[in-house]
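Participant: Okay, so the sequence shown: first residue is 1 according to this note's numbering, each after it adds one.
Please note: incorrect hints may appear among the correct ones.
[Claimed, not checked] For each label pair, taking beta carbons as the anchor points, the in silico distance ranges come out as:
hint	residue 1	residue 2	range
1	SER42	PHE16	27 to 33 Å
2	SER8	ASP105	35 to 41 Å
3	MET1	SER96	30 to 36 Å
4	ASP155	ALA92	35 to 41 Å
5	PRO56	LEU23	22 to 28 Å
6	ALA176	ASP155	32 to 38 Å
7	GLY185	THR14	23 to 29 Å
8	ASN47	SER123	37 to 43 Å
9	LEU13	ALA107	20 to 26 Å
Worth flagging that the hints you see were computed from the coordinates, not collected in a lab. Beta carbons are placed, not taken as given, at the ideal position from N, Cα and C, and that holds for glycine.
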Amino acid sequence: MLPSRHLSRLTDLTEFPPLPNNLTWGGEIAYLDRDGVLNVGSENYINSVDELDVLPGAASAVARIRNAGFRICIVTNQSPVGRGLWDHERLAEVNSALQRILLEDNADAHLDVILYSPYVPWSNAWARKGNPGMLQVGRQIIDATEMDKSISEFDYGVDYNPREEGNSFMVGDRIADMKAGLNHGVRTFHCDQRIGVSDVIERVLDFSDSGDTL
Numbered sequence: 001m002l003p004s005r006h007l008s009r010l011t012d013l014t015e016f017p018p019l020p021n022n023l024t025w026g027g028e029i030a031y032l033d034r035d036g037v038l039n040v041g042s043e044n045y046i047n048s049v050d051e052l053d054v055l056p057g058a059a060s061a062v063a064r065i066r067n068a069g070f071r072i073c074i075v076t077n078q079s080p081v082g083r084g085l086w087d088h089e090r091l092a093e094v095n096s097a098l099q100r101i102l103l104e105d106n107a108d109a110h111l112d113v114i115l116y117s118p119y120v121p122w123s124n125a126w127a128r129k130g131n132p133g134m135l136q137v138g139r140q141i142i143d144a145t146e147m148d149k150s151i152s153e154f155d156y157g158v159d160y161n162p163r164e165e166g167n168s169f170m171v172g173d174r175i176a177d178m179k180a181g182l183n184h185g186v187r188t189f190h191c192d193q194r195i196g197v198s199d200v201i202e203r204v205l206d207f208s209d210s211g212d213t214l
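Construct all of the structure, not just a fragment, from the sequences and the given hints.
Facilitator: Below you can see the structure in the form of structure tokens.
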């Protein structure tokens, strides 16, 4: 079971906004969880745009990451879709609002790819964190888009052939995020959910910092 992509099919080659200052992309990706990293999370989910509360400093942090030459790939578990609590369209409204608010705060705070797992926890879906499925797909989408090459099928699952990740990293506030990043073989950082990505911004941009462990 593959993840879903915000407002696009997984295989669509949508044009990315240029990196700031005409930077050339060197292959690094920032894989970011959403709830508790960019916006305030909730045990009852973010059920509508009205419940979306972007964390202070999130836009600035995303912009700093992009100014360092990273593409941004959001990887978020969204089981309410699979539970039937709401549909893909409702989730798209929230994701679109998040991107709009970030850009209103900082014009460089683009989210290049937003992937989500709509599956319930008991599905054992490879696309659901702490499995690395969304990160595997995100890497291939960004690589293909940068090279302007189509994707016919994804290298996906336990037999995934790892790509060169360089200084790529994962940021999340939960154990599942940590497992996904570590299983994907990238530097992985745990952030305080009350602060979000700003909590670790200095660390992720310090390439001598190898990240956190479980």
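Participant: Compare the structure with each hint and give your call.
Facilitator: We went through each hint and held it up to the structure:
no.: 1; hint: SER42 <-> PHE16: 27 to 33 Å; in the structure: holds, 30 Å
no.: 2; hint: SER8 <-> ASP105: 35 to 41 Å; in the structure: violated, 24 Å
no.: 3; hint: MET1 <-> SER96: 30 to 36 Å; in the structure: violated, 24 Å
no.: 4; hint: ASP155 <-> ALA92: 35 to 41 Å; in the structure: violated, 27 Å
no.: 5; hint: PRO56 <-> LEU23: 22 to 28 Å; in the structure: holds, 26 Å
no.: 6; hint: ALA176 <-> ASP155: 32 to 38 Å; in the structure: violated, 22 Å
no.: 7; hint: GLY185 <-> THR14: 23 to 29 Å; in the structure: holds, 26 Å
no.: 8; hint: ASN47 <-> SER123: 37 to 43 Å; in the structure: violated, 21 Å
no.: 9; hint: LEU13 <-> ALA107: 20 to 26 Å; in the structure: holds, 24 Å
Violation of the numbered hints given earlier is confined to hints 2, 3, 4, 6, 8; the remaining hints are satisfied by the structure.
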